[in-house]
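Undergrad: The residues making up each chain are set out below.
There are 4 protein chains.
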Amino acid sequence: MAQPPVVFGADQIREFIAEHFPQAARFPHRIDLVEPGRVVLRWLYTDKGLRPGGTISGPTQFTLADTAMFYLVLAHVGPAGLSVTTDANLHFLRKPKPADLLCDARVVKLGKHLVVGEMKLFSEGEDEPVTIATMTYSLPPGARRAP
Amino acid sequence: MAQPPVVFGADQIREFIAEHFPQAARFPHRIDLVEPGRVVLRWLYTDKGLRPGGTISGPTQFTLADTAMFYLVLAHVGPAGLSVTTDANLHFLRKPKPADLLCDARVVKLGKHLVVGEMKLFSEGEDEPVTIATMTYSLPPGARRAP
Amino acid sequence: MAQPPVVFGADQIREFIAEHFPQAARFPHRIDLVEPGRVVLRWLYTDKGLRPGGTISGPTQFTLADTAMFYLVLAHVGPAGLSVTTDANLHFLRKPKPADLLCDARVVKLGKHLVVGEMKLFSEGEDEPVTIATMTYSLPPGARRAP
Amino acid sequence: MAQPPVVFGADQIREFIAEHFPQAARFPHRIDLVEPGRVVLRWLYTDKGLRPGGTISGPTQFTLADTAMFYLVLAHVGPAGLSVTTDANLHFLRKPKPADLLCDARVVKLGKHLVVGEMKLFSEGEDEPVTIATMTYSLPPGARRAP
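Chains as they are written, first to last, in my numbering: chain A, 1 to 147; chain B, 1001 to 1147; chain C, 2001 to 2147; chain D, 3001 to 3147.
If we strip away everything but chain A, and leave its shape as in the complex, we get (with noise of 0.2 angstroms):
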C-alpha cells in the first residue's frame, strides 16, 4: 500500500511539542521512528503510572496512544491548525510487563476532513500486543489538500 510520506519530521514534531504542549513534552516519552505512514513512540518505564501488580494503567496506555496519534498527524498532515481526537476504540488484551511501552501507529486513512490510525502497544522485548487502539481526527479547513 502506497504510504503518504512526512511532512513533518521527529525534530520538527519534538520542537512543535515542547513550544506549543509544554505539559506533554514532559511526558516520559521519545519518538523511536518517523517514517511514510508510521509514528513509533516508547513510553518510558517509571513506576509513577502503576497500578497494583506493577502494570502499567489504562489511562497511561491511553496517553501514549492518543500522543502516538497526534504525531501520526502531525508528521503526515503538518502543524497548520489544530486538529482534535473525535473517536478512539480500545482493546486491552494483556497486562504490559514491567518495561518500556512501545505504540506502532499506523496511517490507515488519511482523508481531507478525518485521519484514521491504528496502534499496536508492545511492552518492550515482547511481540504479543498489550493493547491495539484505533483513533479517528479531524482536521480543520484547509488544513490539508484534498487527498
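Check the hints yourself; a few may be wrong.
Straight-line distance between alpha carbons at most 25 angstroms, and here's what the computed BS3-like set of lysine-lysine pairs gives [as the list claims (entries may be wrong)]:
{"hint": "1", "chain 1": "B", "residue 1": "K1095", "chain 2": "C", "residue 2": "K2097"}
{"hint": "2", "chain 1": "D", "residue 1": "K3112", "chain 2": "A", "residue 2": "K95"}
{"hint": "3", "chain 1": "D", "residue 1": "K3097", "chain 2": "D", "residue 2": "K3112"}
{"hint": "4", "chain 1": "C", "residue 1": "K2120", "chain 2": "B", "residue 2": "K1120"}
{"hint": "5", "chain 1": "C", "residue 1": "K2097", "chain 2": "B", "residue 2": "K1112"}
{"hint": "6", "chain 1": "C", "residue 1": "K2120", "chain 2": "C", "residue 2": "K2097"}
{"hint": "7", "chain 1": "B", "residue 1": "K1120", "chain 2": "B", "residue 2": "K1095"}
{"hint": "8", "chain 1": "A", "residue 1": "K112", "chain 2": "D", "residue 2": "K3112"}
{"hint": "9", "chain 1": "C", "residue 1": "K2112", "chain 2": "B", "residue 2": "K1097"}
{"hint": "10", "chain 1": "A", "residue 1": "K112", "chain 2": "D", "residue 2": "K3120"}
{"hint": "11", "chain 1": "D", "residue 1": "K3095", "chain 2": "A", "residue 2": "K112"}
{"hint": "12", "chain 1": "B", "residue 1": "K1112", "chain 2": "C", "residue 2": "K2120"}
{"hint": "13", "chain 1": "B", "residue 1": "K1097", "chain 2": "A", "residue 2": "K95"}
{"hint": "14", "chain 1": "B", "residue 1": "K1112", "chain 2": "D", "residue 2": "K3112"}
If you are wondering where the hints come from, they were derived from the structure by calculation, not from laboratory data.
Let chain A serve as the given structure and place chains B, C and D on it in line with the hints.
TA: Chains B, C and D only, in chain A's frame:
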C-alpha cells in the same frame, strides 16, 4: 429498568482506593453520587491537564471515565478481586469548558463475567455532553454470583 | 438539552427511501416516531434473520441500527447529499426476544461535518436494552449550515 | 508472534455451518484461507447489497466481518458451544469497488473467556482497506481450556 443494588458505598470506595490505589486517590476527583446502577464522579478543575486553548485533554477525560467505570464496578460488585478494563470506546463531541467535569456512569449490563457501563461527561452547568463513552470490565471468576 | 428541529418528517423519509433506496424499503421495518433529536424504528419480527435458539442475528441488529442512524440524519439534515457512516460501535448485551425489535436513536452531536448518534435496541415490551450502539455519519460539504 | 493452531478446518466449518446455520450458508461467501491465527473470507460480488452509486452496503460489510469472526473462532476454538459477539467496532474508510470483497481476519487474543479478532476488508485487487473492524467473542464456560 430494575437497577442493580449498591453493595459497596461511596465511603467504602474512598477507603478502598486510598488503601489500594494511592495514585488514583491523588487524582483531583470527588464522588458526587452512588445509587443503584449509577455513579457520578467529578473532576475538580485545575489547569494541570489543559491543552492549548484551555480545554481539558483527552487523556484526562479518559482517566475520569476509566475511574468512574472502576467505581461503578466496585459499587455494584464489591472489591472481591481486581477487575480489568477489556475495551473502551469514546466519542469526543465538544470541547469541555474550563470548569469541573462530571462523569455520569450507568450500568447497562451486570453479567457474571462482564460489566458494561455507559458514561456521559458534562462540563458543570452544561447540559450537552462533551464526551460519551462505553467501557467493558471483565470480572475474575467467582467475583460475582450469576445475575 | 435543546434538541435539533426535524427538517424532514416520517412521510418524507418513507418517500425518499422508496425512491432512492428500494432495497432498504423492503426491510421489514416501520418508523414509529420522528421528533426533535430522535427517531424510533421498529423491525417487524419474522423468523428470517434468526440464529439457532430463535434470536435475531447481529447483522440484522446492525442493519436496524444503521437504518435508524440514516433516518436520524435524514430527519435532522435532510436529503441534501448522501452522507456515509464513518464508524460504528456496538455492544451486544442480551439476546433479543422473538418479538419486534425497536431501535431508539438519538442525536448526541449535530455538527457541520459529523453527526453522532446513540442507539438503544429493545425487544418490544422489555425495558433492558439488548444492544447499545454509537454511530458517526460524515456529511458532504454544504449539506448543512454551521450549527 | 506465535499463532494459535487451527483445530477446526475449512471443510469442518462448511459442514458445521450448512447443518447448524443454513441461512448463513446461503450468504454468497466462500472461505479462501484458514491458517493458524487467520481466516480469509470472500464475499462474492452481486448487486444485491448495493447502495446507490454501486457500493457494497455497511450492513453487508458487517455481515461479512461478523461471519469471518465467527469462522475465526470456530477455526481456533472448535464448535464446543455457541459463542456470541459481545462488541464490534468498525471504521468505514473508503467505498468498496464493485468487486468481490475480502475479509482478512486475525486473532489478536485467544483467551479462556474472550476471543478478540481484527479484520480488514479489501476490494479484490486493491491494497488499501475499505473497512477495519475489531470484534470480541465471549466463549461459554468450558469451551476452551486455559490458554
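Undergrad: Decide, hint by hint, whether the structure agrees.
TA: Hint check:
1. For the suggested pair K1095 of chain B and K2097 of chain C, the alpha carbons sit about 40 angstroms apart, so the restraint of at most 25 angstroms is broken.
2. A C-alpha spacing of about 15 angstroms is found between K3112 of chain D and K95 of chain A, which places the hinted pair at or below 25 angstroms, so the restraint holds.
3. Using a Cα cut-off of 25 angstroms, the hinted pair K3097 of chain D and K3112 of chain D is violated, with the two alpha carbons roughly 38 angstroms apart.
4. Using a Cα cut-off of 25 angstroms, the hinted pair K2120 of chain C and K1120 of chain B holds, with the two alpha carbons roughly 15 angstroms apart.
5. A C-alpha spacing of about 20 angstroms is found between K2097 of chain C and K1112 of chain B, which places the hinted pair at or below 25 angstroms, so the restraint holds.
6. Only pairs whose Cα atoms come within 25 angstroms are accepted, and K2120 of chain C paired with K2097 of chain C is accepted, the gap being roughly 15 angstroms.
7. As the CA atoms of K1120 of chain B and K1095 of chain B are separated by approximately 14 angstroms, the hinted pair is consistent with the 25 angstroms bound.
8. Our distance criterion of 25 angstroms between C-alpha atoms is broken by K112 of chain A and K3112 of chain D, whose separation comes to about 42 angstroms.
9. Using a Cα cut-off of 25 angstroms, the hinted pair K2112 of chain C and K1097 of chain B holds, with the two alpha carbons roughly 20 angstroms apart.
10. About 22 angstroms separates the Cα atoms of K112 of chain A and K3120 of chain D, which keeps this hinted pair within 25 angstroms; it holds.
11. With a C-alpha separation of about 15 angstroms, the suggested pairing of K3095 of chain D with K112 of chain A holds against the 25 angstroms cut-off.
12. Annotation: proposed proximity of K1112 of chain B to K2120 of chain C holds, straight-line Cα distance about 22 angstroms (limit 25 angstroms).
13. Proposed proximity of K1097 of chain B and K95 of chain A is contradicted: the alpha carbons are some 34 angstroms apart, above 25 angstroms.
14. A C-alpha spacing of about 14 angstroms is found between K1112 of chain B and K3112 of chain D, which places the hinted pair at or below 25 angstroms, so the restraint holds.
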